[in-house]
Amino acid sequence: GEDVEQSLFLSVREGDSSVINCTYTDSSSTYLYWYKQEPGAGLQLLTYIFSNMDMKQDQRLTVLLNKKDKHLSLRIADTQTGDSAIYFCADNQGGKLIFGQGTELSVKP
Amino acid sequence: DTEVTQTPKHLVMGMTNKKSLKCEQHMGHRAMYWYKQKAKKPPELMFVYSYEKLSINESVPSRFSPECPNSSLLNLHLHALQPEDSALYLCASSQAESLAGGYTFGSGTRLTVV
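Read top to bottom, the protein sequences are chains A and B.
Going by our numbering, the letters in the first sequence line up with residues 171 to 279, in that order.
Going by our numbering, the letters in the second sequence line up with residues 7 to 120, in that order.
No wet-lab data here; the hints were simulated from the structure.
Backbone N, C-alpha and C fix where the C-beta goes; we use that ideal spot for every residue, glycine too.
Some hints could be false.
[Stated by the list, open to error] A short, non-exhaustive set of chain A residues, derived as facing chain B with CB atoms under 8 Å:
(1) F179
(2) G212
(3) L215
(4) Y218
(5) A255
(6) K266
(7) F269
(8) Q271
(9) G272
(10) L275
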């Protein structure tokens, strides 16, 4: 199947920006998503981007899409301790939502 | 109502037991999904129902049996499970299988097989 890849860990200081990266291989992807999972909880949809866009901003979140390089990133401005979680990028492939391995974000005070 | 509700939240069952996981949504979504998630791993798709019909079975063992009684409900019947089936089972729904807006996930059932 098609792959979605992420780095596994990211550690930042409170107040800094966090950038979580993702690469995908399916060139027919129409939508790409970012989900957040806090410990012991389900997945929360943070944002998504349509493939004909290269940027989407929603409050502290900025999504950048480089379709040529099949690279997606999520920037969290002014990162807070409450942002500590696992972040999954996901790709909708023919009716299936396929997830990357997840990036564990640790925010230190 | 913008939620997917899963019950029970926790379940411990023996290898000879039969149990069911339940999922409910009232958002008018016509696609519903079961995912299995091991600790610190991404969710893995098990089944997709579209308009109450099973459209995708990701080669899941027959000890897992899904059922979609109506457009709001999705069940997962469990029988003769193995300890390695212990995981978080997530239900999700969406307006359709390949549409924007992503999937709405429930908070999951944490299953332990002893």
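Here's how the hints hold up against the structure:
1. F179: violated, 11 Å
2. G212: holds, 4 Å
3. L215: holds, 4 Å
4. Y218: holds, 5 Å
5. A255: Check failed: Cβ of A255 of chain A comes no nearer than 12 Å to chain B, outside 8 Å.
6. K266: holds, 5 Å
7. F269: holds, 4 Å
8. Q271: Hint holds; Q271 of chain A Cβ to chain B Cβ min 6 Å, cut 8 Å.
9. G272: Hint on G272 of chain A: holds, closest Cβ of chain B at ~6 Å, below 8 Å.
10. L275: violated, 13 Å
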